[in-house]
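There are 2 protein chains.
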Amino acid sequence: MDEAAERHNAKMKKIKAARDRMMADKTDEKGLIVVHTGKGKGKSSSAFGMVMRCVGWGIPAAVVQFVKGDWETGEKRVIEERFPEVRLFVAGEGFTWETQDRDRDIAAARRGWDIAKEQIRDTRNGFVLLDEINIALRYDYLDIDEVVTFLLEEKPPMTHVVLTGRNAKPELIEAADLVTEMDLVKHPFRDGIKAQKGVEF
Amino acid sequence: MDEAAERHNAKMKKIKAARDRMMADKTDEKGLIVVHTGKGKGKSSSAFGMVMRCVGWGIPAAVVQFVKGDWETGEKRVIEERFPEVRLFVAGEGFTWETQDRDRDIAAARRGWDIAKEQIRDTRNGFVLLDEINIALRYDYLDIDEVVTFLLEEKPPMTHVVLTGRNAKPELIEAADLVTEMDLVKHPFRDGIKAQKGVEF
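Protein chains in written order, with the UniProt record's numbering: chain A, 1 to 201; chain B, 1 to 201.
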């Protein structure tokens, strides 16, 4: 086994140990670390569906958008207009393929993560969505070890945290309680159909 | 090839031909037939996230719930209290494992499908969600050919229809524009944690 693989295994083992410690303290109801990943649709929209459920049950929720820019999305509008009790923070402004400015993207990701930590620590929240944080983790704009350690050691026991985006890192999957991979079976773009309001954004 | 396989292939070919006819009439923007299936989480919640987007964009939407019973779910409450413009119909009352009454389940599924057809035909709707209809199709409470033929031949061109539930039939996948399979990578129930408000329902 080469050095990198050894390091990786040691790291995963450490995450597993931290996770086991966390689980040992738990009764049968607890706040979950939930990951939505994969190339298919529905990673963010199902997380927003969960926000909708929280509103229905009166569970205080916060959303930190790491990637979606300052353009209006359907979700943002609904949260602002219909769910005034949900705290919404937009950290990423365009990001990477729009800004082409790595330093600015890293600053936006760090800003998002600072807000995320604050919202997760705030025990008034029962649910915190970190939308598209996996993109920031993938490009190492945020440190995966820092994020995983925080989730396992500082997340209040009853708070659900949902992390979305493609290419979830193995460390995050190891730390999570519930991981869903959205796979694309069939997609209309291959037939030349444009992305559309309501369905795609 | 045995007779059943031949029949299956002929049927799939017919669906493909109907789909090709439908696509031939389309410009590059059209209402999609969307399927969310698989054993993972997020099939219904991402569809409800799409309902939320529609509300954000002012797209009139209707929801027909084929399985969820008369118990209160977070989504139902939010639709009733925050999204008065969304038409919500609950067709299934408990269903199968609750009612243990096949005739009653079939009647509920038929009632749901009649409402579904009416809502899809109503061109004021831009989005119609048939939540958990795949369960009714799987048990043959509804005829798959009737559903697929209706979608391909009678759905107004600009209306999106989303069909959710495990075990989507191959005929439906063939007819659909966009299919996402939600796969379960990791699930907390194996660790003895209960289903929880907000995350699971």
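It is worth saying that the hints were derived from the structure and are not from the lab.
Hints may contain errors.
Copies of one chain are not kept apart here, so a pair can be met inside one copy or by any two copies together.
[Claimed, not checked] Straight-line distance between alpha carbons at most 27 angstroms, and here's what the computed DSSO-like set of lysine-lysine pairs gives:
| hint | residue 1 | residue 2 |
| --- | --- | --- |
| 1 | Lys186 | Lys16 |
| 2 | Lys11 | Lys117 |
| 3 | Lys13 | Lys76 |
| 4 | Lys11 | Lys76 |
| 5 | Lys76 | Lys14 |
| 6 | Lys186 | Lys13 |
| 7 | Lys155 | Lys13 |
| 8 | Lys76 | Lys16 |
| 9 | Lys169 | Lys117 |
| 10 | Lys11 | Lys186 |
| 11 | Lys39 | Lys11 |
| 12 | Lys186 | Lys155 |
| 13 | Lys186 | Lys14 |
| 14 | Lys76 | Lys155 |
| 15 | Lys186 | Lys117 |
If the cut is 27 angstroms between Cα atoms, do Lys13 and Lys76 qualify within a copy, between copies, both or neither? Answer is neither: 39 angstroms inside a copy and 42 angstroms across each miss the 27 angstroms cutoff.
Same-copy or cross-copy closeness of Lys76 to Lys16 [CA-CA at most 27 angstroms]: Close neither inside one copy (36 angstroms) nor across copies (38 angstroms); limit 27 angstroms.
Alpha-carbon proximity between Lys186 and Lys14, which holds within one copy, between copies, both or neither at 27 angstroms: between (38 angstroms within a copy, 19 angstroms between copies)
Using 27 angstroms as the alpha carbon limit, work out where Lys76 and Lys155 are close: within a copy, between copies, both or neither. Answer is within: at 25 angstroms inside a copy they meet the 27 angstroms cutoff, but 29 angstroms across does not.
When no copy is named, should Lys186 and Lys117 be tagged within, between, both, or neither for a Cα gap of at most 27 angstroms? The answer is between: 24 angstroms across copies meets 27 angstroms, while 37 angstroms in one copy does not.
At 27 angstroms max between alpha carbons, let me know whether Lys186 reaches Lys13 within a copy, between copies, both or neither. This pair counts as between: shortest inter-copy Cα distance 17 angstroms, intra-copy 37 angstroms.
Reference check for the pair Lys76 and Lys14, CA-CA at most 27 angstroms: within, between, both, or neither? neither (37 angstroms within a copy, 42 angstroms between copies)
Is it within, between, both or neither when you check Lys155 against Lys13 at 27 angstroms Cα-Cα? within (20 angstroms within a copy, 53 angstroms between copies)
Up to 27 angstroms CA-CA - Lys16 versus Lys186, copy category: between (35 angstroms within a copy, 14 angstroms between copies)
Please sort Lys39 with Lys11 into within, between, both or neither, judging by C-alpha distance up to 27 angstroms. For Lys39 and Lys11, the Cα distance is within 27 angstroms only inside one copy (26 angstroms; across copies 30 angstroms).
Using 27 angstroms as the alpha-carbon threshold, which applies to Lys169 and Lys117: within, between, both, or neither? within (19 angstroms within a copy, 43 angstroms between copies)
Check Lys186 against Lys155 for me: Cα-Cα at most 27 angstroms, and say if that holds within a copy, between copies, both or neither. Between copies, since 20 angstroms is at most 27 angstroms while 37 angstroms is not.
When each numbered hint is compared with the structure, violations occur for hints 3, 4, 5, 8.
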